[in-house]
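Order-wise, the sequence lines are chains A and B. According to the numbering used here, the first sequence holds residues 1195 to 1497 in order. According to the numbering used here, the second sequence holds residues 968 to 1370 in order.
Just so you know, these hints were derived from the structure itself, not from any lab. Do not rely on the hints blindly, as some may be mistaken.
[Said to hold, decoys possible] Listed below are the simulated DSS-like cross-link pairs for lysine-lysine, each with C-alpha atoms no more than 25 Å apart in a straight line: (1) K1255/B / K1314/B; (2) K1207/A / K1162/B; (3) K1207/A / K1183/B; (4) K1026/B / K1043/B; (5) K1158/B / K1082/B; (6) K1082/B / K1043/B; (7) K1185/B / K1207/A; (8) K1369/B / K1296/B; (9) K1207/A / K1158/B.
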Amino acid sequence: MFEICLPVLLGGKCIPSGALFGQLLIGLINGSFYALLSLGLAVIFGMLNIINFSHGAQYMLGAFVAYLMLQYSGLGYWPALIIAPLIVGLTGVIIERVFLQWLYKLDHLYGLLLTFGLALIIEGVVRNQYGSAGLPYTMPDSLRGGQNLGFMFLPNYRAWVIVASLGVCIGTWFVIERTRLGAYLRAATENPTLVRAFGINVPVMITLTYGFGVALAAFAGVMAAPIYNVSPQMGSELIIVVFAVVVIGGMGSILGAIVTGFGLGVVEGLTKVFFPEASNTVIFVIMAIVLLVRPAGLFGRRA
Amino acid sequence: MKKTLGLAALTAMLLGGAAHAQQVTVKVGVLSDMSSLYSDIGGAGSVAAAKLAIADFAKANPNVKVELVSGDHQNKPDVGSQLANQWYDVDKVDMIIDTPNSGVALAVSQITTTKNKVFVVSGAAASDLTGPKCNANTVHWTYDTWMLANGTGKAIVKTGGDSWFFLTADYAFGHALERDTMAAVEKNGGKVLGKVRHPLNTNDFSSFLLQAQASKAKIVGLANAGGDTINAIKAGAEFGLTKGGQKFAGLLVFASDVNALGLATAQGLTLTETWYWDLNDANRAWTKRWQAERNAAGKFPTMVQAGVYSGLTHYLKSVAALKSGADGKAVVEEMKKLPTDDVLFGKGSIRADGRKVHPAYLLEVKAPAESKHPGDFYHVRATIPADEAFRPLAEGNCPLVKG
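Just chain B, same shape as in the assembly:
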């Protein structure tokens, strides 16, 4: 019986092979934070986005078979590296996508280039991924620290917020964000009156807020993320920071953070994102599908999750064009050659240093009365065109660009 089945399967395979002469199989892995502080930014929502990308792609390209795996890097570079190695060597994964947490992303980027696979970063922020640490196998998709700093910093200085005080998370990411924002502020004629560096995961910000209030700076820049940002803004509302005429600038704020704060507390906050679910009909329609796939009607996708959809779609297109996913460098080469085009990010391109460029949006959180439906978080204050949103190619010190 077993033999007959085996024979039948073999025949089916041969027949199938005859029908689609160019059957291509690729395996993609969503490597993300599945269980900790970034799991609402990427996590299961990124896996859902990847599934949608694969389903949409399969409709138009039945000859490409896509398999999906996912894993939890626990925000530890060693765990992420070990998983990436195992995926590439044992499980024959061809590309890894997402990976919030810059520390893990930098490690996986190195592994990817030595094994000649493909790494599409959506979740991590460090602009070093397309700067000094760039390589020919990595594409940085959604956003980065330079873009956040420049988008929010420049816009706020131009609208009169010309004196700044920084609350900075005391580790590599916070320092990078603070450095990039200070540069943007000073370049545009603003000045920095002071800064205080707080430990990661600080519970109480009231002490730092008193220092920010005492500085009399018009803008309090938050060079931190997640729980730290939320706690700082909550304390700011309580201590009357905004009533005293000062304003927060959230340098890295996701839709999930705004949801956690509630509009009453977050209103008026200025921030930059490259994708917002309520921006247009295409995004709204995709959000509905994402919510069904994720089985969470009340959740709204972040730009990181949208970036997973968009990045994976473009990767699959490039594989289909090459008719193979085996050579990572060749695939990334093809990705850079093909213009990008998908329902979420529209038309765009990937630069020589691996930086995907698209417009960014300067957003302001609505007051509760202005919010018409759940998830109606932002006013769009400005659109930053693609060629201004990201760091100029020549300034990143990426070795790929010189050579």
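Next comes chain A alone, as it looks inside the complex:
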């Protein structure tokens, strides 16, 4: 074991290398959540031009639906991982049909305000019903326990989080950037009229895209339920960071959202070791620097 030290200018704090590997791995795990959530936001912004401020509330809904399924129908974690995103995604479809479809032609601000209002309403209703302290959600037995990696104890569930999140991220990126369906979608964003002329039902496609983005948030919510406190405010605490991730990655860039999601998880993890007090500010410092140097974000295309 050797020690790794910060430059004296940054405090000169030293930690053993094993601890550092542990922290890097943990950063990657947290990055998985950032990546999953920012991916949904990026898809929605990239395809619909809507800044979906209710993303955090929809993440929270995913966790709550999982809890309710366990409570009232005995359906555990694995079914919830599929069904909860479907249910929450469906509510997304309804929101898009009833509200959002009227806003595409207007300024971004209207979509932002509408979704922000929806987030407040959803949170308020859930808090009124279930209180603010949170609800218990147990981990599935198949993912309990963990591996001793020598430098740290890696819980099986966290390993699963990385695998599942990477799988979903790569899958989504592949569908949007490399398949015919994705090509239609991207074309519909650029020029909906022309795409319609080819006989493609653009409004339905857009509706489903929003539903999918929302389902991604709910999926992250179910993933979070066994390890984080399932409470009405769980989404609003996370969503600000996720927005910063999306801005750093470049609004609407799928790859940007994924890479910065994982990257910032690692940066935040390291900050927690060397300067814990700054761990929830570091992402915003990076955001400010990135916006100064590259206003469109690291992976953004200039409009």
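Dock chain B against chain A, hints included.
Same frame as chain A, but now just chain B:
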């Protein structure tokens, strides 16, 4: 017609006045967090407790009429102050009770003393309320940071947990709790191996837990509250902290937090409270009434809500004895003079610095198999007598005590 009604009402009032020569009216306000993170600790449950206190008091004292208002301070000292001012000046409220969130409570305490009203704190933790910031119009009822630190800290060191690592919420409350606990640990022969200060509302504690594991401390002290405590304990169970021979000490844990964690995760956790619903028959009977009033059969009252009942009861007794609630200082004076006695906290007293003293209980969260019915959360490991549970009068630096 209106005139006749008015006359009738007037006559009724006069007659009533004749029947009860000493009719007293007081107005009390429950100022709490109604919509955010502390609303399960106080909130609507505190209002329900206040209603029960008023109903019980009215049975024995029909000559005192009590009106109740409630409001949401949103955890913002400015909102709380503005509401307190409005209640005192416009709505003629005589006393305010509850008020979780130490920041809001300290602000309301100041306003209360300048307007000479009464403030009974049940929800807030900062021991400064009866320390340097004490005043003649404020009574601190249920618990405080010194009592939490000393109760849990001392007990754990005495049972062998003599090396500590702190996870501390990085703001005034967390710092105070950490400071008080470190003092208690070191005074009793334990040592502090390290600490890490995390931002308020941290979602993921795994990174901090690795640091706590690396410290090899026997006890990981949680100087935080609510969601932070819950997330830290959940992550601890996952990362095998307890299996590695380390133990958590929850320095501020409410029954609602244990419920949110589930016993499987929270089992073995040591904590201190001054009231537990399943402690005796009187508490259980009151809990049933509270659940009916609150219209929530599955919820269990916290010590803060029980404190609202107990504190309001004692306030009303003092008003009845004085036959007036107008002079706040006089009422608090009377509250300190009268011994306290109610079904929930039993017999006790209020000290010169405004500190209500009663026993505290050292509790340990049960394993799921040991829990016989819903809400059966704790083993009672020890009872800390009233004279040891709170900071000695002379050590608080309260100006009222010197003068």
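(message) Tell me if the straight-line CA distance from K1369/B to K1296/B falls inside 25 Å.
(response) Holds, because 18 Å separates the two Cα atoms, which is no more than 25 Å.
(message) Need the status of pair K1207/A, K1158/B: alpha-carbon distance at most 25 Å?
(response) 22 Å, holds
(message) Checking one constraint from the list: CA of K1207/A to CA of K1162/B, max 25 Å. Satisfied?
(response) Within the cut-off at roughly 15 Å; holds.
(request) With a cut-off of 25 Å on the C-alpha distance, tell me whether K1158/B and K1082/B pass. (result) 46 Å, violated
(request) Quickly compare the C-alpha distance for K1185/B and K1207/A to 25 Å and report which way the hint goes. (result) 24 Å, holds
(request) Below or equal to 25 Å on CA atoms is what counts here, so check K1207/A against K1183/B. (result) With a Cα-Cα distance of about 19 Å, the restraint between K1207/A and K1183/B holds, given a limit of 25 Å.
(request) Quickly compare the C-alpha distance for K1082/B and K1043/B to 25 Å and report which way the hint goes. (result) 21 Å, holds
(request) Mind checking the alpha carbons of K1255/B and K1314/B for me, to see if they're no more than 25 Å apart? (result) 22 Å, holds
(request) For the pair we were handed, K1026/B and K1043/B, check the Cα-Cα distance against 25 Å. (result) 37 Å, violated
When the structure is compared with the earlier hints, violations turn up for hints 4, 5 and for no others.
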